[in-house]
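Mapping of the sequence shown onto my numbering: residues 11 to 149, in sequence order.
Keep in mind the hints are simulated off the structure, nothing from the lab.
Any given hint might turn out to be false.
Taking lysine to any residue pairs in the SDA-like style, the calculated list, with each CA pair at most 20 angstroms apart, reads [unchecked claim]:
hint, residue 1, residue 2
1, Lys-137, Arg-125
2, Lys-84, Arg-59
3, Lys-84, Leu-103
4, Lys-137, Arg-56
5, Lys-84, Asp-127
6, Lys-84, His-133
7, Lys-84, Glu-35
8, Lys-137, Thr-37
9, Lys-137, Phe-66
10, Lys-137, Arg-59
11, Lys-137, Asp-127
12, Lys-84, Thr-109
Derived CB-CB ranges, DEER-like [what the hints assert, rightly or not]:
hint, residue 1, residue 2, range
13, Thr-101, Val-78, 21 to 29 angstroms
14, Leu-139, Arg-14, 40 to 48 angstroms
15, Asn-130, Tyr-39, 18 to 26 angstroms
16, Leu-103, Thr-77, 39 to 47 angstroms
17, Arg-85, Arg-14, 31 to 39 angstroms
18, Phe-91, His-16, 46 to 54 angstroms
19, Thr-77, Leu-105, 16 to 24 angstroms
Cβ coordinates follow ideal geometry from the N, Cα and C atoms, glycine included.
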Amino acid sequence: MRKRSHYQQRPIAIPMTTQNRQHVELTYYADLASFISAPTDTAYNRLMRTLELASFAMAAQDIADYTVQLRSAKRAMSAVFDRSQITGRVTVLELEAMTLRAAAPAIEEAVCRVRLDTFNAAHAINKELMRAQGAPVEA
11 MRKRSHYQQR
21 PIAIPMTTQN
31 RQHVELTYYA
41 DLASFISAPT
51 DTAYNRLMRT
61 LELASFAMAA
71 QDIADYTVQL
81 RSAKRAMSAV
91 FDRSQITGRV
101 TVLELEAMTL
111 RAAAPAIEEA
121 VCRVRLDTFN
131 AAHAINKELM
141 RAQGAPVEA
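Produce the complete structure using the sequences and hints provided.
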């Protein structure tokens, strides 16, 4: 008798290329610097979109290593949003800026571990969610 193989085909996974990873990282850091130095509604939306995108991609791949840093960055963004709803101005306190800067290397590391196909799917989901919420969506 012939031995039966227990081979199970793995799903196709497209790795994040160096060029794509660098583009995402530079976009994130540019959005972060823009938001901290000159906080506006547009800068807030861009940075929040990037954080949500990282959250969706990490959840899709079951990467739980960086959830603490992502949550702390999202909490800081939530505090900025709550204050802007009360005062009518978008302002970033020094503690919130420090929290966002401290979370940046971990978020960069998380992006390095996400596959390109997962990242693209998370981008599409995030884009539709923002559109449904009425937030401006670029590209």
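Results of checking the hints against the structure:
1. Lys-137 / Arg-125: holds (18 angstroms)
2. Lys-84 / Arg-59: Cα-Cα ~10 angstroms, so holds.
3. Lys-84 / Leu-103: holds (14 angstroms)
4. Lys-137 / Arg-56: At roughly 11 angstroms apart (the allowed maximum being 20 angstroms), Arg-56 and Lys-137 satisfy the hint.
5. Lys-84 / Asp-127: Distance ~24 angstroms between Lys-84 and Asp-127 Cα, so the pair is violated.
6. Lys-84 / His-133: holds (17 angstroms)
7. Lys-84 / Glu-35: With Cα atoms ~17 angstroms apart, Lys-84 and Glu-35 stay inside 20 angstroms; holds.
8. Lys-137 / Thr-37: Roughly 16 angstroms separates the two Cα atoms, so the pair holds.
9. Lys-137 / Phe-66: holds (11 angstroms)
10. Lys-137 / Arg-59: holds (8 angstroms)
11. Lys-137 / Asp-127: Holds. Lys-137 to Asp-127 sits at ~15 angstroms (cutoff 20 angstroms).
12. Lys-84 / Thr-109: holds (10 angstroms)
13. Thr-101 / Val-78: 21 to 29 angstroms: Taking Cβ atoms as reference, Thr-101 and Val-78 lie about 25 angstroms apart, which means the hint holds.
14. Leu-139 / Arg-14: 40 to 48 angstroms: 45 angstroms Cβ-Cβ, so the 40 to 48 angstroms window holds.
15. Asn-130 / Tyr-39: 18 to 26 angstroms: Given range 18 to 26 angstroms: holds, Cβ gap about 21 angstroms.
16. Leu-103 / Thr-77: 39 to 47 angstroms: violated (23 angstroms)
17. Arg-85 / Arg-14: 31 to 39 angstroms: Once the Cβ atoms are compared, 52 angstroms apart, the range 31 to 39 angstroms for Arg-14 and Arg-85 is violated.
18. Phe-91 / His-16: 46 to 54 angstroms: At 51 angstroms between Cβs, range holds.
19. Thr-77 / Leu-105: 16 to 24 angstroms: Taking Cβ atoms as reference, Thr-77 and Leu-105 lie about 21 angstroms apart, which means the hint holds.
In summary, the structure is inconsistent with hints 5, 16 and 17 from the numbered list given earlier, while agreeing with the others.
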